[in-house]
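There are 2 protein chains.
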Amino acid sequence: MNYTALPLLLLVTACGQVSIERTDGTAPEPEQVVSDPLPSWNEGPTKQAILDFVAKTTTDSSADFVPVADRIAVFDNDGCLWSEAPMPPQLAFALYDVKRRAEADPKLAKDPMVQAAVKGDLGKLAAGEHHDGLMKILAITHSGMTVDSFNVRVRDWMKTYQHPKGGSGLAGATYQPMLELLDHLRAHDYKTFIVSGGGIDFMRVFSQELYGIPPDQVIGSSTASEFELVDGKPVLTKTMKDFFMDDKAGKPAGIQMHIGKRPVFCAGNSDGDQAMLEYTTIDNPLPSFGMIVHHTDSIRETAYDTHAPVSGTLITAKEATPQRGWVLVDMARDWATIFTDN
Amino acid sequence: MNYTALPLLLLVTACGQVSIERTDGTAPEPEQVVSDPLPSWNEGPTKQAILDFVAKTTTDSSADFVPVADRIAVFDNDGCLWSEAPMPPQLAFALYDVKRRAEADPKLAKDPMVQAAVKGDLGKLAAGEHHDGLMKILAITHSGMTVDSFNVRVRDWMKTYQHPKGGSGLAGATYQPMLELLDHLRAHDYKTFIVSGGGIDFMRVFSQELYGIPPDQVIGSSTASEFELVDGKPVLTKTMKDFFMDDKAGKPAGIQMHIGKRPVFCAGNSDGDQAMLEYTTIDNPLPSFGMIVHHTDSIRETAYDTHAPVSGTLITAKEATPQRGWVLVDMARDWATIFTDN
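Taken in sequence, the protein lines are chains A and B. Each residue of the first sequence is one higher than the last, beginning at 2 in the working numbering. Each residue of the second sequence is one higher than the last, beginning at 2 in the working numbering.
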């Protein structure tokens, strides 16, 4: 593409923020040519569609201009901002943490589901309509402790994480092209949110560091916490009460609960994201954009869609893509780089 | 107070934001004297305590400096940002809306609680441990419709609102000193949130316009919404499921659910705010500030604390104030102006 044709000039202002100034319509001088905001995206229709949408919705004179207050962008996390193959990092955390606990608690170690978790028998944990084994492991590792103590455990575990095809630490699992997309949207005054089936408290530990998204802009599956003064000090304890599953139809409900506004930009990668893609793009009075990250790269990452043993499948959302006008991102074709080089 | 003694100089930068630059320690030149950021607050220890806290937590070289990411400020709404006397505006909305519905629905009009609402018999509605009458009126007026339709109803009603001692429209019920405080905190990179027992969807209709607080920074009592495609179009319907009461111990829980961080600044006005004041200020590793708006002005507003027929009482939180170091705002003494002049 020809960047000099863009009617925008990115200027870093004195206050360190990136803001937009329209030029007078003439092509910018050579020394003003902007750098590529999405260098990890290969040139082609996918990248162009993203750049065009951001440009047209943030250019004052555009018929598709979207006011700043309405620039809400929502992103799934697992398989969209970071890799969920071979398993979502939160599951790796739960298995790590339950193993650590079982080693210190012989009674816990005798529980059949804990034994399945220690062995890494995901099939047994996920069996049954309600995934009782998995829910038990989640309850053990995600409730009954203070919020502060949970945060410390996640932080300790993070240092040990290693993605098999990415880098070390949690940052090693993140997708460089998506980090660039988040930055590009924010540079154009979009407010970026995570809307994930993952645990809200889990993601908040690293959302700012990994994605530049503050904890209050993270939406996820959640349970209630309980407040009390213990020995005169405030204690907030994680429980398993009021479980909310931020997946499928739960995602628009979660968006309403936490944002209270309809998004205009939505990125997902599985059928679990279809409802929020529909909510964002169908019959929206404002211009909107839906995109699906399609895992097509078996060499640099893992290729999957209709079959995804642990992660969510991509079947109906992919089928709906042409009718809905969503953009299907072909990771093998569209992404020059997959993983963040940390 | 002597502003020239402040070690801060407010500068409006080229990008329109207010930022802080420390001077070299010498008194500023006369032409650099800053304007009062809290003109509706009378000079005195209350105003000084607020200015001092904001200055010390946002000055790089201060021992009490708080990083921008941790500058979380939470505000109760009813009786804190706007008047809840003679009744919280949301209750006025519910009574207005149920009356409108009863006029169009003879069957509904026969319901004893609806009749009590039409008559304005708050005693009957609030009777009983679970306030069954009030809950019924809330269910009728706050569920069973789409989010969009609810928003339209609130907007239509807003135009009719008139506070008996304030101005017209909802803005007429807001407290000018608190609007200045919100602005002052935001000018120092505090992120401001509402944390209210009021309905989350109700407050979001006007939070940006009235307080400069976007919908995603509003926390309140809530119920679940349900998403579905109806005739191929996305519909989000308000229900009475998963009722969450954002009051008392629910406030720290609501803060965790929506913000995921401990605040460092908290303002309330009743015992319903005590838990979030405790959560903000007790044993917080960061500098923190708690304040309570005390309704002492029977002439310009309404004086109440231990007795508050509709609104929340202020008894235990007031008693705890000296021990906790919270600042008690005496409306009659500390506020030069009460209501926003719109």
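Heads up, a few of these hints could be off.
Note that the list lumps identical chains together, so a pair holds whenever it fits in one copy or between two copies.
In silico SDA-like cross-links for lysine to any residue, where the CA-CA straight-line distance does not exceed 25 Å [claimed, not checked]: (1) K249 - D232; (2) K262 - S223; (3) K249 - S150; (4) K192 - D71; (5) K166 - D106; (6) K262 - R187; (7) K319 - V231; (8) K262 - G233; (9) K242 - D71; (10) K262 - V148; (11) K242 - A140; (12) K262 - D149; (13) K120 - I283; (14) K234 - P286; (15) K262 - S150; (16) K160 - L135; (17) K192 - E210; (18) K192 - G213; (19) K242 - M136; (20) K192 - K262; (21) K262 - D243; (22) K242 - G173; (23) K166 - L230; (24) K242 - E227; (25) K100 - T238; (26) K166 - Y97.
These are computed hints drawn from the structure, not numbers from a lab. Please read all numbers here as calculations on a predicted model, not as lab measurements.
Intra/inter-copy verdict for K242 and D71 if alpha-carbon distance must be at most 25 Å: Neither way: K242 and D71 sit 33 Å apart in one copy and 28 Å across, limit 25 Å.
Treating 25 Å as the Cα threshold, decide for K192 and G213: within, between, both or neither. both (11 Å within a copy, 16 Å between copies)
Within a copy, between copies, both or neither: where do K262 and R187 come within 25 Å Cα-Cα? Classified as both: same-chain Cα gap 17 Å, cross-chain 22 Å, threshold 25 Å.
From the Cα coordinates, with 25 Å as the cut-off, is the pair K242 and M136 best called within, between, both, or neither? both (13 Å within a copy, 22 Å between copies)
Up to 25 Å CA-CA - L230 versus K166, copy category: neither (45 Å within a copy, 39 Å between copies)
Give the relationship of K234 and P286 under a CA distance limit of 25 Å: within one copy only, between copies only, both, or neither. Intra 49 Å, inter 12 Å, cutoff 25 Å: inter-copy only.
Intra- versus inter-subunit Cα pairing at 25 Å for K192 with E210: Answer is both: 16 Å inside a copy and 18 Å across each meet the 25 Å cutoff.
Using 25 Å as the alpha carbon limit, work out where K262 and S150 are close: within a copy, between copies, both or neither. So K262 and S150 pass the 25 Å test across copies only (14 Å; inside, 33 Å).
Is the C-alpha distance from K262 to D149 at most 25 Å within one copy, between copies, in both cases, or in neither? Answer is between; shortest inter-copy Cα gap is 10 Å, intra-copy 30 Å.
Under a CA distance limit of 25 Å, which applies to K120 and I283: within one copy, between copies, both, or neither? neither (45 Å within a copy, 43 Å between copies)
Within a copy, between copies, both or neither: where do K166 and D106 come within 25 Å Cα-Cα? So K166 and D106 fail the 25 Å test inside a copy (34 Å) and across (64 Å) alike.
Could you figure out if K262 and G233 sit no more than 25 Å apart (CA to CA) within one copy, between two copies, both or neither? This pair counts as between: shortest inter-copy Cα distance 20 Å, intra-copy 39 Å.
In this structure, the earlier hints numbered 5, 9, 13, 22, 23 are contradicted, and the remaining ones agree with it.
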